[in-house]
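Novice: Quick note, the sequences are listed as chains A and B, same order. Numbers in my numbering are just positions in the first sequence, counted from 1, shifted up by 97. Numbers in my numbering are just positions in the second sequence, counted from 1, shifted up by 97.
If you're looking for bench data, these hints aren't it; they were derived computationally from the structure. Note that the coordinates shown come from a computational prediction; the quantities given were computed from them, not determined experimentally. Warning: the hint list may mix true and false statements.
Here's a subset of chain B near chain A, in silico, CB distances under 10 Å, partners left out [claimed, not checked]: (1) LYS164; (2) ASP166; (3) ARG214; (4) ALA220; (5) ASN226; (6) ALA234; (7) THR249; (8) MET266; (9) LEU269.
Quick reminder that beta carbons are idealized off the backbone N, C-alpha and C, glycines included.
Number of protein chains: 2
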Amino acid sequence: MKQEVKALLFDVFGTVVDWRGSITREMNSFGVTHNIDKDWQQFALDWRALYQPAMENIRSGNRGYVKLDELHRENLALLVDGYGLSHLDAHQLNHINRVWHRLQPWADTLPGMYRLRKNFVLASLSNGNVELIVAMAKHSAIPWDMVLGSETAQGYKPQDKVYLHSAQMLGLKPEQCMMVAAHNDDLKAARLLGFKTAYINRPYEYGDAQTDDFEAQESWDIIGDSMTEIADALDC
Amino acid sequence: MKQEVKALLFDVFGTVVDWRGSITREMNSFGVTHNIDKDWQQFALDWRALYQPAMENIRSGNRGYVKLDELHRENLALLVDGYGLSHLDAHQLNHINRVWHRLQPWADTLPGMYRLRKNFVLASLSNGNVELIVAMAKHSAIPWDMVLGSETAQGYKPQDKVYLHSAQMLGLKPEQCMMVAAHNDDLKAARLLGFKTAYINRPYEYGDAQTDDFEAQESWDIIGDSMTEIADALDC
Numbered sequence: 098m099k100q101e102v103k104a105l106l107f108d109v110f111g112t113v114v115d116w117r118g119s120i121t122r123e124m125n126s127f128g129v130t131h132n133i134d135k136d137w138q139q140f141a142l143d144w145r146a147l148y149q150p151a152m153e154n155i156r157s158g159n160r161g162y163v164k165l166d167e168l169h170r171e172n173l174a175l176l177v178d179g180y181g182l183s184h185l186d187a188h189q190l191n192h193i194n195r196v197w198h199r200l201q202p203w204a205d206t207l208p209g210m211y212r213l214r215k216n217f218v219l220a221s222l223s224n225g226n227v228e229l230i231v232a233m234a235k236h237s238a239i240p241w242d243m244v245l246g247s248e249t250a251q252g253y254k255p256q257d258k259v260y261l262h263s264a265q266m267l268g269l270k271p272e273q274c275m276m277v278a279a280h281n282d283d284l285k286a287a288r289l290l291g292f293k294t295a296y297i298n299r300p301y302e303y304g305d306a307q308t309d310d311f312e313a314q315e316s317w318d319i320i321g322d323s324m325t326e327i328a329d330a331l332d333c
Numbered sequence: 098m099k100q101e102v103k104a105l106l107f108d109v110f111g112t113v114v115d116w117r118g119s120i121t122r123e124m125n126s127f128g129v130t131h132n133i134d135k136d137w138q139q140f141a142l143d144w145r146a147l148y149q150p151a152m153e154n155i156r157s158g159n160r161g162y163v164k165l166d167e168l169h170r171e172n173l174a175l176l177v178d179g180y181g182l183s184h185l186d187a188h189q190l191n192h193i194n195r196v197w198h199r200l201q202p203w204a205d206t207l208p209g210m211y212r213l214r215k216n217f218v219l220a221s222l223s224n225g226n227v228e229l230i231v232a233m234a235k236h237s238a239i240p241w242d243m244v245l246g247s248e249t250a251q252g253y254k255p256q257d258k259v260y261l262h263s264a265q266m267l268g269l270k271p272e273q274c275m276m277v278a279a280h281n282d283d284l285k286a287a288r289l290l291g292f293k294t295a296y297i298n299r300p301y302e303y304g305d306a307q308t309d310d311f312e313a314q315e316s317w318d319i320i321g322d323s324m325t326e327i328a329d330a331l332d333c
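The following block holds chain A by itself, in its conformation from the complex:
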């Protein structure tokens, strides 16, 4: 298996970066500065909860492809009243919306990825749009060789075309690609198309609110608790 795999394709939100912690930390500071006393971790969770329904509207064909930055902005608009943000101007709200461009990696992410990059092509296979993933990589030194996924394929995971188009852009067959994700559903979709699979356990992605993905639900090709364990398993 190790010889056959040429590229590792990564889920990003939750697998590579800690969206809950990053948004909570930044909004805690924002709340203090702007004197808005709210539960900003709940804000992060509420914002994230609007993510799947917004994408489902596109996956189902009800709506044409819209990139994630715009979906996030629309969803943020649904939260401003409840979180005391309705007095902010467009510039300030756009800055908050771009917190997704500033998400920070888990502590093990960069040490693992900088080992993996020596032997594999590393590409994002995320529902994030290109600008978002590129900005995040610039912000946190994430060593992508290529940014793929939703926008380049004009769809949203777990649609088949997002996985297949990404492999195709790298000139690879599905079995030469390994999907790396903290979400069993993502790996399930990738495996059905022939991808190899690596599961990273992230039981704190949602904090106390986590309800799923506490463990590997299938015999994924690699199962680990960190990106460095994935690197260990791949002899990097």
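Go by the hints and put chain B onto chain A.
Specialist: This is chain B only, laid out in the frame that chain A set:
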């Protein structure tokens, strides 16, 4: 201008890498090993001469989009008889075809780009396909933040859509992008669409066979003799 520009988009063949020198060096070694005595610099020039006609066939609409790896392979097939390569098998010819994945940067390229990457998003805007540009970057440590251009836009420069789609994928307006190229025609097309422009003089790209691009033919925003001079001009 410097404040407005967010991303530098680079022509690759001739601007970032020395295709003539790289192919000549590799084929000189190949010729010695395989006992084939040919002028391998002429081979590189002949192969490159078939590049524009092959793309023109696609730009004109005579043929649907085909990625550059395949055009290179078709063009190589036209040269095998004249260069004593007709006895090679498909595996060997595919290895030769992938010499384009192993092109080496000019001596000033990496020192300049590693300075520029601190302040700008660096993206390829090449006629090379994604697999080719990613493999080349891996081979020579070229620090792309994103690989764009021909394949992601499904066209070939100087078609407008290749420039415009690339800017759009980065979430930028054309005037926030600077095209960096050693070819006046490439910059001319980019400028007409609103891009900023940087010219790098590469008067030896074709060696003694060079017939054009000995100097800047318009008042490009930046004009330099190396990637490090471009970095100087952009205060990096």
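Novice: It remains to establish, for every hint, whether it holds in the given structure.
Specialist: Hint by hint, here is what the structure shows:
Taken as an interface hint, LYS164 of chain B checks out: its beta carbon lies about 8 Å from the nearest beta carbon of chain A, inside 10 Å. A distance limit of 10 Å between C-beta atoms decides the matter here; for ASP166 of chain B the minimum to chain A is near 7 Å, and the interface restraint holds. For ARG214 of chain B, the suggested interface contact is upheld, since its CB lies about 9 Å from the closest CB of chain A, less than 10 Å. The beta carbon of ALA220 of chain B comes within 8 Å of a beta carbon in chain A, closer than 10 Å, and the hint placing it at the interface holds.
Hint on ASN226 of chain B holds. Least Cβ distance to chain A is approximately 8 Å, under the 10 Å limit. The interface hint given for ALA234 of chain B is met, as the beta carbon of that residue sits about 6 Å from the closest beta carbon of chain A, less than 10 Å. Evaluation of the THR249 of chain B hint against chain A yields a held restraint, the C-beta minimum of about 6 Å falling below 10 Å. Taking 10 Å as the C-beta contact cut-off toward chain A, the hint placing MET266 of chain B at the interface holds, the least distance being around 5 Å.
For the restraint placing LEU269 of chain B at the interface with chain A, the shortest Cβ-Cβ distance is roughly 8 Å, inside the 10 Å limit, so the hint holds.
In this structure, every one of the numbered hints holds.
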